[in-house]
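Trainee: Here's the letter readout for the chains.
Number of protein chains: 2
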Amino acid sequence: MPTGSSKTEQHFAPVILAGGSGTRFWPRSRRKLAKQVLALDGERTMIQQTVERLSPLTEPTDIWVITNELLAELISEQLPEISKEHILSEPAARNTAPACALAAILLEKTAPETVLGIFPSDHVVKDQTRFAEVIRAGVELAAGGSRIVVIGVPPTRPETGYGYIELGASVDSASGVAVRRVKRFTEKPHRALAEEFLASGNYAWNGGIFLWSAKTLVEAIREHCSAMAPLLEEIAAAYGTPEFERVFAEVYPKCENISIDYAVLEPRSARGERGAEIYCLPGDFGWNDLGCWDALHEHASGCKPDEESKPNVVEGDDPLCISIDSCGNYVNAPGKVVALVGVMNLVVVQTKDALLITTRERSQDVGKVVAELKAAGRDDLI
Amino acid sequence: MPTGSSKTEQHFAPVILAGGSGTRFWPRSRRKLAKQVLALDGERTMIQQTVERLSPLTEPTDIWVITNELLAELISEQLPEISKEHILSEPAARNTAPACALAAILLEKTAPETVLGIFPSDHVVKDQTRFAEVIRAGVELAAGGSRIVVIGVPPTRPETGYGYIELGASVDSASGVAVRRVKRFTEKPHRALAEEFLASGNYAWNGGIFLWSAKTLVEAIREHCSAMAPLLEEIAAAYGTPEFERVFAEVYPKCENISIDYAVLEPRSARGERGAEIYCLPGDFGWNDLGCWDALHEHASGCKPDEESKPNVVEGDDPLCISIDSCGNYVNAPGKVVALVGVMNLVVVQTKDALLITTRERSQDVGKVVAELKAAGRDDLI
Numbered sequence: 010m011p012t013g014s015s016k017t018e019q020h021f022a023p024v025i026l027a028g029g030s031g032t033r034f035w036p037r038s039r040r041k042l043a044k045q046v047l048a049l050d051g052e053r054t055m056i057q058q059t060v061e062r063l064s065p066l067t068e069p070t071d072i073w074v075i076t077n078e079l080l081a082e083l084i085s086e087q088l089p090e091i092s093k094e095h096i097l098s099e100p101a102a103r104n105t106a107p108a109c110a111l112a113a114i115l116l117e118k119t120a121p122e123t124v125l126g127i128f129p130s131d132h133v134v135k136d137q138t139r140f141a142e143v144i145r146a147g148v149e150l151a152a153g154g155s156r157i158v159v160i161g162v163p164p165t166r167p168e169t170g171y172g173y174i175e176l177g178a179s180v181d182s183a184s185g186v187a188v189r190r191v192k193r194f195t196e197k198p199h200r201a202l203a204e205e206f207l208a209s210g211n212y213a214w215n216g217g218i219f220l221w222s223a224k225t226l227v228e229a230i231r232e233h234c235s236a237m238a239p240l241l242e243e244i245a246a247a248y249g250t251p252e253f254e255r256v257f258a259e260v261y262p263k264c265e266n267i268s269i270d271y272a273v274l275e276p277r278s279a280r281g282e283r284g285a286e287i288y289c290l291p292g293d294f295g296w297n298d299l300g301c302w303d304a305l306h307e308h309a310s311g312c313k314p315d316e317e318s319k320p321n322v323v324e325g326d327d328p329l330c331i332s333i334d335s336c337g338n339y340v341n342a343p344g345k346v347v348a349l350v351g352v353m354n355l356v357v358v359q360t361k362d363a364l365l366i367t368t369r370e371r372s373q374d375v376g377k378v379v380a381e382l383k384a385a386g387r388d389d390l391i
Numbered sequence: 010m011p012t013g014s015s016k017t018e019q020h021f022a023p024v025i026l027a028g029g030s031g032t033r034f035w036p037r038s039r040r041k042l043a044k045q046v047l048a049l050d051g052e053r054t055m056i057q058q059t060v061e062r063l064s065p066l067t068e069p070t071d072i073w074v075i076t077n078e079l080l081a082e083l084i085s086e087q088l089p090e091i092s093k094e095h096i097l098s099e100p101a102a103r104n105t106a107p108a109c110a111l112a113a114i115l116l117e118k119t120a121p122e123t124v125l126g127i128f129p130s131d132h133v134v135k136d137q138t139r140f141a142e143v144i145r146a147g148v149e150l151a152a153g154g155s156r157i158v159v160i161g162v163p164p165t166r167p168e169t170g171y172g173y174i175e176l177g178a179s180v181d182s183a184s185g186v187a188v189r190r191v192k193r194f195t196e197k198p199h200r201a202l203a204e205e206f207l208a209s210g211n212y213a214w215n216g217g218i219f220l221w222s223a224k225t226l227v228e229a230i231r232e233h234c235s236a237m238a239p240l241l242e243e244i245a246a247a248y249g250t251p252e253f254e255r256v257f258a259e260v261y262p263k264c265e266n267i268s269i270d271y272a273v274l275e276p277r278s279a280r281g282e283r284g285a286e287i288y289c290l291p292g293d294f295g296w297n298d299l300g301c302w303d304a305l306h307e308h309a310s311g312c313k314p315d316e317e318s319k320p321n322v323v324e325g326d327d328p329l330c331i332s333i334d335s336c337g338n339y340v341n342a343p344g345k346v347v348a349l350v351g352v353m354n355l356v357v358v359q360t361k362d363a364l365l366i367t368t369r370e371r372s373q374d375v376g377k378v379v380a381e382l383k384a385a386g387r388d389d390l391i
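Heads up: the sequence lines are chains S and L, in that order. Those letters in the first sequence? Residues 10 to 391, by the working numbering. Those letters in the second sequence? Residues 10 to 391, by the working numbering.
A hint or two may mislead.
Stated by the list, open to error - Cβ-Cβ distance ranges computed for the label pairs, FRET-style:
id, chain 1, residue 1, chain 2, residue 2, range
1, S, 263, L, 353, 30 to 38 Å
2, S, 199, L, 361, 46 to 54 Å
3, L, 51, S, 51, 50 to 58 Å
Stated by the list, open to error - With a Cα cut of at most 27 Å, we get these calculated DSSO-like pairs of lysine-lysine:
id, chain 1, residue 1, chain 2, residue 2
4, S, 224, S, 16
5, L, 377, S, 319
6, S, 41, L, 313
None of these hints come from the bench; they were simulated from the model. Quick caveat: nothing in here was measured; it's all calculated off a predicted structure. For each residue, glycine too, the CB sits at the ideal point set by N, CA and C.
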């Protein structure tokens, strides 16, 4: 179990959630090659970038990864600096609450004051320095109390696919990073509500990053998830013994399938702005969750969502791209020269066995292709 | 030289013109893999289909092919039934007049009454039976006189890329195939004129198929191309001798670069409808010159140019295609499963080294890609 790290004042253990299946980047992403293990942005994979981003804050030996059985081996290869004992394979997908809670219970046994950080494994961040600054401030804030720290990304569009954080009073902060209390969480609002949130200036996107002491999270789980807590205690008790795998496989699937937001943050926020002790730090470090090919185009081209004539983004090995009267296209075609003639805002992605043709606007529907392939029994393609 | 064939009443020698470079089917077509040697439509290549189509009319030993040095070997492999001595490689591209005339001069030396048929190597015909019927009637008409027979395809749209034939008086015909005299040839009219032609009902597209006796063509060349005739005589004199290749290479490039239409048909038609003795037979056998990817989509889908919602045409090895809210696309992606989401009327063609993305409407501009590749020094891709 963890030993003290000098990189933050407090002992800090990041838990990277890497169990997602990421069908929206089909045909590049597959069940065994989910988004987090793909190099969608640069040469390093998303999870490698995530670990790299945390390196100013902690030692790799303090990092935990929770993933699934299809991805564990590849993740272990991609992250040789992470101890194999810290890479846990969920026997069944149970959303984020059981994964976060299990990590907290494991840490709480030996170092209850450890600050636990939950980090998605498949988001991108442009400003690594600012990221480290904000997370460091969050770790300080979460340490030695029952405070919960969340990261709120400044919204740039009325996105209906994200959770929103309603911000409350400002709090004095020694770190120089602005701190607000959290009033409320709202999951995926409808369009009109999202527009209202955006216009009010008082809402942030929930970036899926949370910081709290192991003790605080374990207490919250015991309070809000009374059925789940004893199951996870049983698994944690077997950790490090030859029985672990069997117990994990038998008990974990009994946990409720629920997100940490629904399981802990929302009920806790019901205590009211002051009582909840949930604090929001600004995720103003160029965050993007790369939810679909369109988002990758936006990220890779460096252009804003409302920009008119966007550049083509062509990812491949051949530096030559012939573009005639074409703009705003995203093409991913390793090993090919790409020629565009009179086309706009398309997404074309080619792999060894598949070719996807869609538009930037429709790229969020790519999951439907995976569903149809599944229905057609084409497991070789998903 | 030719011996008598029993397949038509008259001795008939088809000359297949296969020197085209076909950049409009890039990236499938390349300099060394021009349209005529590709299997764009079915399993047989365009030139193999052309030979097959002529088989009810002649023996393969009577067929001649005129091509270029880049394609000769492949054509010889694709057409093992054609004698190697009948496959001529032009030392330089000089359009259709020198090629047709050379064939005529070679044949005229031993069998001046032979009916020479000029056939493009890269067109498709749907109704092979009707094709044979019309060509047989044309051979009869061209035999034993100085008549020139052309095939006029009934026009279906105001195409500005074709030559038009203005039809004159009807002529009695024993063959049952309608015969009209030809008044005039008009190359590539502008749009308004093409619309006028179409509306008048008195014009046909020039299908590039001509029938005449060797003697008639040689006389026409001597009359209208007085500079070219002696050059071709010199080449023909060397045919069958060890000197042939050297003479061909030295002399042929001196010939004027001109089409048979401009060189012979237009000046001859100036004699007037009766004097010219040019006759038109209907090319009503489902002709398509497959000028671009859009034309191939039309041909392969079997739909008419003015049909609204067109089907997708997906050419590849995998029978599965996932199409969500998509129509009218042409996709050529061997070895891949293709998924379409919310896209219409696109053309996407993928080869080992290239990926073309355009629209059906813009597919006629694919030649510009080849020009840009050439300018970029990428001979590996053209």
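Trainee: With reference to the structure, classify each hint as holding or not holding.
Mentor: Hint-by-hint comparison with the structure:
Our hint of 30 to 38 Å for residue 263 (chain S) and residue 353 (chain L) is violated, since their Cβ atoms are close to 49 Å apart. In this structure the supplied range 46 to 54 Å holds for residue 199 (chain S) paired with residue 361 (chain L), their Cβ-Cβ distance being about 47 Å. Roughly 45 Å separates the CB atoms of residue 51 (chain L) and residue 51 (chain S), a value that falls outside the hinted 50 to 58 Å. For the suggested pair residue 224 (chain S) and residue 16 (chain S), the alpha carbons sit about 21 Å apart, so the restraint of at most 27 Å is met.
The suggested pairing of residue 377 (chain L) with residue 319 (chain S) holds, with an alpha-carbon distance near 23 Å, which does not exceed 27 Å. Between residue 41 (chain S) and residue 313 (chain L), the direct Cα distance comes to roughly 45 Å. Violation of the 27 Å bound is thereby established for this hinted pair.
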